[in-house]
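Assemble the whole structure, with the sequences as input and the hints as a guide.
2 protein chains.
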Amino acid sequence: MNVLIVYAHPEPKSFNGAMKDLAVETLIQAGHDVVVSDLYAMGFDPVAGPGDIAGERHDPGFFSLPREQTAAYEAGALSADIGAEIEKLKRADFVIFQFPVWWFGMPAILKGWADRVFARGFAYLPGRKYDTGLFKGKLAMVAATTGTSADTYAPDGIDGDILTVLWPVHNGLLRYSGFDVLPPFIAYMPGRLGDDGRRACLEAYRKRLEDTDDTPRLFFHPAADYGKNERLKPGVLARSGVQRNV
Amino acid sequence: MNVLIVYAHPEPKSFNGAMKDLAVETLIQAGHDVVVSDLYAMGFDPVAGPGDIAGERHDPGFFSLPREQTAAYEAGALSADIGAEIEKLKRADFVIFQFPVWWFGMPAILKGWADRVFARGFAYLPGRKYDTGLFKGKLAMVAATTGTSADTYAPDGIDGDILTVLWPVHNGLLRYSGFDVLPPFIAYMPGRLGDDGRRACLEAYRKRLEDTDDTPRLFFHPAADYGKNERLKPGVLARSGVQRNV
Numbered sequence: 001m002n003v004l005i006v007y008a009h010p011e012p013k014s015f016n017g018a019m020k021d022l023a024v025e026t027l028i029q030a031g032h033d034v035v036v037s038d039l040y041a042m043g044f045d046p047v048a049g050p051g052d053i054a055g056e057r058h059d060p061g062f063f064s065l066p067r068e069q070t071a072a073y074e075a076g077a078l079s080a081d082i083g084a085e086i087e088k089l090k091r092a093d094f095v096i097f098q099f100p101v102w103w104f105g106m107p108a109i110l111k112g113w114a115d116r117v118f119a120r121g122f123a124y125l126p127g128r129k130y131d132t133g134l135f136k137g138k139l140a141m142v143a144a145t146t147g148t149s150a151d152t153y154a155p156d157g158i159d160g161d162i163l164t165v166l167w168p169v170h171n172g173l174l175r176y177s178g179f180d181v182l183p184p185f186i187a188y189m190p191g192r193l194g195d196d197g198r199r200a201c202l203e204a205y206r207k208r209l210e211d212t213d214d215t216p217r218l219f220f221h222p223a224a225d226y227g228k229n230e231r232l233k234p235g236v237l238a239r240s241g242v243q244r245n246v
Numbered sequence: 001m002n003v004l005i006v007y008a009h010p011e012p013k014s015f016n017g018a019m020k021d022l023a024v025e026t027l028i029q030a031g032h033d034v035v036v037s038d039l040y041a042m043g044f045d046p047v048a049g050p051g052d053i054a055g056e057r058h059d060p061g062f063f064s065l066p067r068e069q070t071a072a073y074e075a076g077a078l079s080a081d082i083g084a085e086i087e088k089l090k091r092a093d094f095v096i097f098q099f100p101v102w103w104f105g106m107p108a109i110l111k112g113w114a115d116r117v118f119a120r121g122f123a124y125l126p127g128r129k130y131d132t133g134l135f136k137g138k139l140a141m142v143a144a145t146t147g148t149s150a151d152t153y154a155p156d157g158i159d160g161d162i163l164t165v166l167w168p169v170h171n172g173l174l175r176y177s178g179f180d181v182l183p184p185f186i187a188y189m190p191g192r193l194g195d196d197g198r199r200a201c202l203e204a205y206r207k208r209l210e211d212t213d214d215t216p217r218l219f220f221h222p223a224a225d226y227g228k229n230e231r232l233k234p235g236v237l238a239r240s241g242v243q244r245n246v
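Protein sequence lines correspond, in order, to chains A and B.
Mapping to the UniProt record's numbering: the first sequence position 130 is 130, numbers consecutive.
Mapping to the UniProt record's numbering: the second sequence position 54 is 54, numbers consecutive.
Worth flagging that the hints you see were computed from the coordinates, not collected in a lab.
Where a beta carbon is used, it is the ideal one built from N, C-alpha and C, also for glycine.
Hints are supplied without guarantee of correctness; some may be wrong.
[What the hints assert, rightly or not] Derived DMTMM-like pairs (lysine to aspartate or glutamate); straight-line CA-CA distance at most 25 Å:
| id | chain 1 | residue 1 | chain 2 | residue 2 |
| --- | --- | --- | --- | --- |
| 1 | B | K88 | B | D213 |
| 2 | B | K129 | A | D211 |
| 3 | A | K13 | B | E56 |
[To be verified] Listed next, the stretches of chain A that the computed footprint assigns to chain B, with coverage defined by at least 3 CB atoms under 8 Å from CB atoms of chain B:
| id | stretch |
| --- | --- |
| 4 | 58-70 |
| 5 | 97-107 |
| 6 | 152-162 |
| 7 | 166-174 |
Below you can see the structure in the form of structure tokens.
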């Protein structure tokens, strides 16, 4: 496989850095090709806006991100930093997002990577989403650290089910654009684990990376379950939350 | 009230811009003081990292965001752009987040505003979260636009319940730091509404802004509902999703 790791942490010696290094080593040993986008090291600019368009603007008088992205992608006129990431994504069979959960989501540098690189035209188009998404056949996984315990992210935990917290990433970013999605690998409070605990956590992560073929994907309702106005058909259990993998 | 509008859209003539302008006008007419942080116009840098610390680093050899934030906030050594936003937040009784939903969340420029400005020490501390959060007594609301329909964000919609999509913002960012949270005001696909539809949508938004006192807040379980390890007590209906306001 061609693997792309999109890594977002400002400290190379962090546990996120250790997870990224372990993934590179493990995946190369298994015979895969691995590319890392180290967003902090690259000084990646996460602010989507007029600067994303290197060529002529679709509408110089009004900046609509989706319309400008579509026109620029078609014309090959997205800025060079976006174009480089698009090429990496095109080649990738498996994409890993490695980040610390900050305020219940991706650090801004990674959220903006998505805003800019998952451009309309490249990552989605009318009629090309979810089961017919443009990245169909690719696999993705979140690998993250948290600042609070696994209990707080349990379905009855105070921070909310980790799969609810990550729903915007799993369903919103990844499944929407066609990926199959592995369950997230979460290192809860690695700073509190002690050296032995951190070693055990990294070992569990290594095993997960070696076992991706045998790990069941997250469940999302197939397109056939949806009817009128993209809502679940009456025959499908339609209570709130059913779409989540819990 | 002192109102802070944190506004994130690159196009002043956008519907987000119109909502922001309407909020400023409506709230001033109602006798409130209004301050706007126009993040794109300010060129706000959303990337949390070593640059956030203007003074001496807590640990020059290892960058931990929460530890550096805590030490720098106590020492008054956060960078000037963060300090200015902190002063606005301190004065604010009511905070509105105005943004387009991009990839099922806040644009990176706004997510990074949260990463950097909701600094540990200022926005949270051990024992100071949720019901005892440091922003207790303040009110917040999301005002947003989407690129897909209200149906797709229904509880049985393909994009997931809008309150699930916004859970990381509502519970994660706002309730965690102590805010009371109004239901979000969502303008679904304003580009498809036509001029009359857009006027009606803005009128509905004006009414919401005039009626904040009478609008029920989103429900979050009080601290008393949580027991061991911050999980809901056995007596409390503990099925997955119960924490969401649906």
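Hints, verified against the model:
no.: 1; hint: B:K88 with B:D213; in the structure: 22 Å, holds
no.: 2; hint: B:K129 with A:D211; in the structure: 38 Å, violated
no.: 3; hint: A:K13 with B:E56; in the structure: 20 Å, holds
no.: 4; hint: 58-70; in the structure: holds (count 5)
no.: 5; hint: 97-107; in the structure: holds (count 7)
no.: 6; hint: 152-162; in the structure: holds (count 9)
no.: 7; hint: 166-174; in the structure: holds (count 6)
Violated hint for the displayed structure: number 2, the only one.
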